Amino acid sequence: MHSPFVEFKGGSFTLSTLRLGGHSLAQLEQSLSCHIERAPTLFRRMPVILDAEALGPELALSDVLDLLRRHDLMPMAITRAQAHHRAALESLPLPCLEHKGAPLNRRLPPLVIDRPVRSGQQVYAKERDLLVLGQVSEGAELAADGNIQLFGAMRGRAFAGASGETSACLICHQFQPELVALAGHYQMLDPDHGHWGQAVLVQLQGDALAFTPLPRS
163 MHSPFVEFKG GSFTLSTLRL GGHSLAQLEQ SLSCHIERAP TLFRRMPVIL DAEALGPELA
223 LSDVLDLLRR HDLMPMAITR AQAHHRAALE SLPLPCLEHK GAPLNRRLPP LVIDRPVRSG
283 QQVYAKERDL LVLGQVSEGA ELAADGNIQL FGAMRGRAFA GASGETSACL ICHQFQPELV
343 ALAGHYQMLD PDHGHWGQAV LVQLQGDALA FTPLPRS
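Mapped onto this note's numbering, the consecutive letters of the sequence shown carry residue numbers 163 to 379.
To be clear, the hints were calculated from the coordinates, so they are not data collected in a lab. All figures in this text were calculated on a predicted structure; none of them were measured in a lab. Errors might be hidden in some of the hints.
[Said to hold, decoys possible] DEER-style ranges, computed between Cβ atoms: (1) 282 - 170: 24 to 32 Å; (2) 374 - 188: 34 to 42 Å; (3) 248 - 359: 41 to 49 Å; (4) 170 - 197: 16 to 24 Å; (5) 244 - 295: 20 to 28 Å.
Backbone N, C-alpha and C define an ideal beta-carbon position, used for all residues, glycine too.
Between the sequences and the hints, there should be enough to build the whole structure, so can you do that?
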């Protein structure tokens with residue numbers, strides 16, 4: 163029989179940052195519902211960090227967290243809480259994380275994946291860029307603290323700048339993803355997107371993703 167023990171170990175996990183903005187809980191409810199209804203399976207029981215920077219003082223953080231839970235999201239922490247919400251943090255059962263959006267000063271060599279990434283598989287390039295030579299199937303997930311470049315068809319989800327690097331970009335030579343994200347800013351895609359199936363560069367401009375077509379070789 164094994165003796166009981168307690169062990170703390172460091173680990174790296176990719177969590178989505180959910181940025182909400184507004185002054186009315188009803189408006190947040192409507193916007194979040196519309197967003198989730200487009201891909202309910204994708205967001206079901208998704209752990210998220212709540213970015214509270216754009217939440218107005220009229221909104222109680224506890225009410226916003228309850229809203230997320232009603233939509234089957236799992237808030238794990240809060241970041242960028244403003245002065246008008248600081249007092250409420252003491253009574254909440256969640257930690258407040260310091261936001262770190264500075265570019266990485268030390269970058270490891272790129273992680274190169276030379277095989278297809280199949281549905282259900284996850285690839286994370288910690289403190290480096292990610293280069294994928296094969297296709298990425300629906301339901302697969304790519305994440306990198308740096309840039310992501312894909313040469314095969316991209317049909318899964320891609321998270322570049324996962325640690326908050328706002329200068330990170332995504333280059334995709336056959337753009338057909340379920341979702342793309344740069345530094346916590348998300349956009350779901352479907353075949354009606356204007357750049358669907360093209361070679362595309364995705365960059366962050368302000369709080370929005372910008373899509374630039376690339377010439378095919």
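Evaluation of the provided hints:
no.: 1; hint: 282 - 170: 24 to 32 Å; in the structure: holds, 29 Å
no.: 2; hint: 374 - 188: 34 to 42 Å; in the structure: holds, 37 Å
no.: 3; hint: 248 - 359: 41 to 49 Å; in the structure: holds, 47 Å
no.: 4; hint: 170 - 197: 16 to 24 Å; in the structure: violated, 36 Å
no.: 5; hint: 244 - 295: 20 to 28 Å; in the structure: violated, 44 Å
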